[in-house]
Structure formats: C-alpha cells, structure tokens
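Engineer: Starting from the structure of chain A, add chain B where the hints point.
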Amino acid sequence: MLIYLLNNVVKILTIIVLLLLTVAYLTLAERKILAAIQLRKGPNVVGIYGVLQPLADGLKLLLKEMILPSRANLIIFTIAPIITFSLSLIGWAVIPLNYNVVIADLNIGILYIFAVSSLGVYGIIMSGWASNSKYAFLGSLRSTAQMISYEVSIGLIIISVLLCSGSLNLTTIVLAQQYIWYIVPLFPLFILFFISILAETNRPPFDLPEAEGELVAGYYVEYSAMGFALFSLGENASIILMSSVCTVLFLGGWLSPFYFIPSVLSFTMKVLFIVILFILVRAAYPRYRYDQLMRLGWKVFLPISLAWVIFIAGMLISFDIV
Amino acid sequence: MNFTELLMYSYSTIAILSALAVISSINPIHSVLFLILVFVNASALLILLEAEFLAITLIIIYVGAIAVLFPFVVMMLNIKIVISNFNILRYIPIGAIISIVFIIELLLIVERNLPHSSDVSINNSHNQEVIQWIYSINYVSNIEAIGNIIYTYYYDLFIISGFILLVAMIGAISLTLHINQNIKRQQIFFQVYE
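Sequence lines, in order, name chains A and B.
Here our numbering is used: the first residue of the first sequence is 1, the next is one more, and so on.
Here our numbering is used: the first residue of the second sequence is 1, the next is one more, and so on.
Errors might be hidden in some of the hints.
A few chain A residues facing chain B, derived, Cβ under 10 Å [unchecked claim]:
#1 Arg71
#2 Asn73
#3 Ile79
#4 Asn107
#5 Ala115
#6 Leu168
Interface residues of chain A toward chain B, partial, derived using beta-carbon atoms under 10 Å [unchecked claim]:
#7 Leu106
#8 Tyr112
#9 Phe114
#10 Val116
#11 Ser118
#12 Leu119
#13 Tyr122
#14 Met126
#15 Trp129
#16 Leu141
#17 Ala145
#18 Gly155
#19 Arg295
#20 Lys299
#21 Pro303
Quick caveat, the hints were computed from the structure, so don't treat them as lab data.
Backbone N, C-alpha and C fix where the C-beta goes; we use that ideal spot for every residue, glycine too.
Next up, chain A with everything else stripped away, as it sits in the complex (with noise of 0.2 Å):
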C-alpha cells in the first residue's frame, strides 16, 4: 500500500515540477517570439538571452506585499486563483507522453479533461465577484459567457473525433491514428478546434475581458503578488493542457511521423508547435469585439460542428465501418 503511494506520488511530483517549469520558460519564450515578430529584442538582460527572467519574476511576485481590499468576501478571494491553478493542474493525469505513460489511464479521458474545462469558469466568477470591483465583476462575466460558449463547440468536436476512434480513452484514440493523423481527415475542424481553445483559454484575438486598454485587465485587477501569480501560471498551464489535448485528438499523440525520431520528442515537438502557433496567433491579429465573439461562438461555431458531427457519423454508416 505504501510503495503504490510512493508510486503514484513521485509520478504526480514529477509532472508537476516539470509542468511548472515549463509554464514558467513559456512566459519567457511568448515574450522572446512575440518581439521576434515586432523585429525588436525581447528580454535579455537578466541572464545570457533573458534565460533567468522568469527567476526574476517569480522571485518579484513572490515578494510583493499581498493587497486584500478592504470590503470584498476575503475566503473567495483567496480561493479563486488556487482553484484556477489546482484544475490547470489536475487535467495533466490523463495526457498520455507515450504508450503506458501516463498517471491515470481512465477510460473516459476526453470527458474528464472536458470536465476540468467546465470547471474552470468557477475561478473566474468568483474572483470577479469577489474583489468587489466594478471592473473586475464585468470582466468576470464578459469572460465566463464567452468561456462557455466556446465549450460547446469544443464538446461538438470531441464528439466528431471520438466517431472516428471508438472510445473515450486517450490512448486508444492515438491509437488509432496509427494510419494517418486525423488533422488530414478532418482539417477544418482541427482549424475549429484551434480557435475555439484560443477563445476558451482567453489568448488573443479573444481576449477582450483581459484586454489591458478596454477593462484594465478584467477579472485579476484586484490581486497582486501570489493571487496574480498563480492566474497566469493557471492561464499558461492551460495553454499547454490544451495543446497536448490538440495534439492527442488531431496530430496523433506520440506517434512518430518519421522512424528516427523517438516518440517522447515526437510529442514534445507537437505540443511546441501548437503552442507557438498560439504565440503567432497572438501576434498577428486584432482583438475582437465581445459582441463579435459571442456572434463567432453561437452562430458560427455551433452550427459547423455540429453539422460535424452528423456528416461523419453519415459517413461512418456509409461506409460501413461503424
């Protein structure tokens, strides 16, 4: 009993330790591509091309004196940033990093990391309601709705990926991408599901409830120090949970696309791009207005993929393979 302990406690240490780190050079590395892109240097004072600035800044943040306002519902406030960061971090059991790699093996992984998404609009409500804060609550809603819409259609869209594979299971779906990849089959909703975890993570262009000139970046303006810091490592381990979610549904998970390259570096290189193309994304385009968002989510969105899914489930029947 105990060893199976030890077992799974080392496994979990040794997700989260990596995970942190990672979350932490992602700051760094979104800064550095990002003025790559502007044609400018990005950070590189602190240590040889800026690699110490995220040790600077978790230093910073840790340091800062921790600002309660006065009249706002102190228990909430405090549990709201720890809730944002506990799901970031609990979606990352049931990634699969190579065939039996992998903490929890639950045989409906999709639904669960669906579930952890779901869950991760309660952060968001109650640290804008909790900080008492005419910006923050506004941010707060603007940000929970718009959350919520686009969780629709990334539910239609597991389900479309889920006809193709046969089960819930995350490694029986990269198992079955052993033949081809499903981003070839199914390319146009590999580009929907992209811009719907943009929109369900908050990144521009749909960052409008955190948006710096609009709403005085929205539902975390009241925290500082250790409040703000476990929000954008929340927000950032999310967009690498998201990422690996991407690349076990559409770019085949750990299978390698050539024979010599081993498949942990397959999966790392997968998740990288993705998560690059989030930084570009970043770069390239205007925000959009809430109004257009919400338009996006509802009558566009929606209706494509669903439309999806009864194409392929047609197609499945049709061809006789189901």
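Structural biologist: Same frame as chain A, now just chain B:
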C-alpha cells in the same frame, strides 16, 4: 473499515452538511458554492458505485453549466442580505410529518433488497428470489451499456426529454426576447461580402 467505506462516509457527510449550509447561509453566493459542493460529492459517490460516466456527466452538466448560471443571476439581482427573525418552531410539526413520510419511503426501498431470514429455510429454499446484483453485471463499459438501451428500448423517453428541453428553451426565449426595430444592427454578412 477499509478505505473505500471511509471515503463513502466522508463524501456523504460533507454532502449532507453542505446541503444544510445551502439553506442556512446568509450570503446567497455562499449558498450557491455549497450547492456546487453537494453536486461534486454526489458525483464522487457515483464514482464509488462504478458509474463513472454518470459521475463525470453530472459534473459537466450540473456543475459546469447549470450551476454557473446561478451565480450570474445572484450577482445581477441586487440581493440585499437580510437577517430575518425566522421563527423555526412554527414549522417543526409539518416538517416532521413530511420528513417521516420520506424516511419511510427510503426504508421500504432499502428493505426490499435486503435478505430476510425467511429466505433461508430447509423446506422452501426458493421462496423469494433475492436478486444478487453483483452476479448479473455484464462487463461492458458504462457508455456502451447506456448507449445500447437508450437508443433502442427507451428511445421514446429519450426523444421526449429532448422535446422537454426544447420547450423550456423556446419558453425562455419567447418570454424575454424584444426585437427592437429602431436600433441599427450590424449585418456581418453584407459588410464582409461587399
């Protein structure tokens, strides 16, 4: 008591305490958060019963969608927190009657599935069929089990529940939609196309 029983008792206890906190907390947002805790504990109990698909679906739909809308409403309505002199003693008799009725119903259902001493006797060994549920489980996954019967034997219930949701949606929209002809709206298709 092994670990599973300990988990079951702790989840049930937290669920009951949270349900009590829902109705007795002063702040309405706290009530909503305790309601979410009740749902999460109920879903944990379902996982202990090996109905994991139902548990995760409960979280996605109840906690992720329905319970999200409660804070929206609570935050939009300016609910003043009123501490009223609620005289609880007046309501104890009728509350006791209703709760006794519910407890009797629960005990009847539980008692039917328990083995009785009259089942085991020398003369009539097949007097009452005690259903041993553990031996009649066919090991398919949760989703296959639900999918096999919900679309074939119980398709009428499935379609009727879809219609109920549709009627609820149309009712809500028809009560609240005002199409104001006077304001200018964007026509995205014509603006982008030309």
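Engineer: None of the hints should be skipped; say for each whether it holds.
Structural biologist: Results of checking the hints against the structure:
| no. | hint | in the structure |
| --- | --- | --- |
| 1 | Arg71 | violated, 13 Å |
| 2 | Asn73 | holds, 7 Å |
| 3 | Ile79 | holds, 9 Å |
| 4 | Asn107 | holds, 6 Å |
| 5 | Ala115 | holds, 5 Å |
| 6 | Leu168 | holds, 7 Å |
| 7 | Leu106 | holds, 8 Å |
| 8 | Tyr112 | holds, 6 Å |
| 9 | Phe114 | holds, 6 Å |
| 10 | Val116 | holds, 9 Å |
| 11 | Ser118 | holds, 3 Å |
| 12 | Leu119 | holds, 6 Å |
| 13 | Tyr122 | holds, 7 Å |
| 14 | Met126 | holds, 8 Å |
| 15 | Trp129 | holds, 6 Å |
| 16 | Leu141 | holds, 7 Å |
| 17 | Ala145 | holds, 8 Å |
| 18 | Gly155 | holds, 8 Å |
| 19 | Arg295 | holds, 7 Å |
| 20 | Lys299 | holds, 9 Å |
| 21 | Pro303 | violated, 14 Å |
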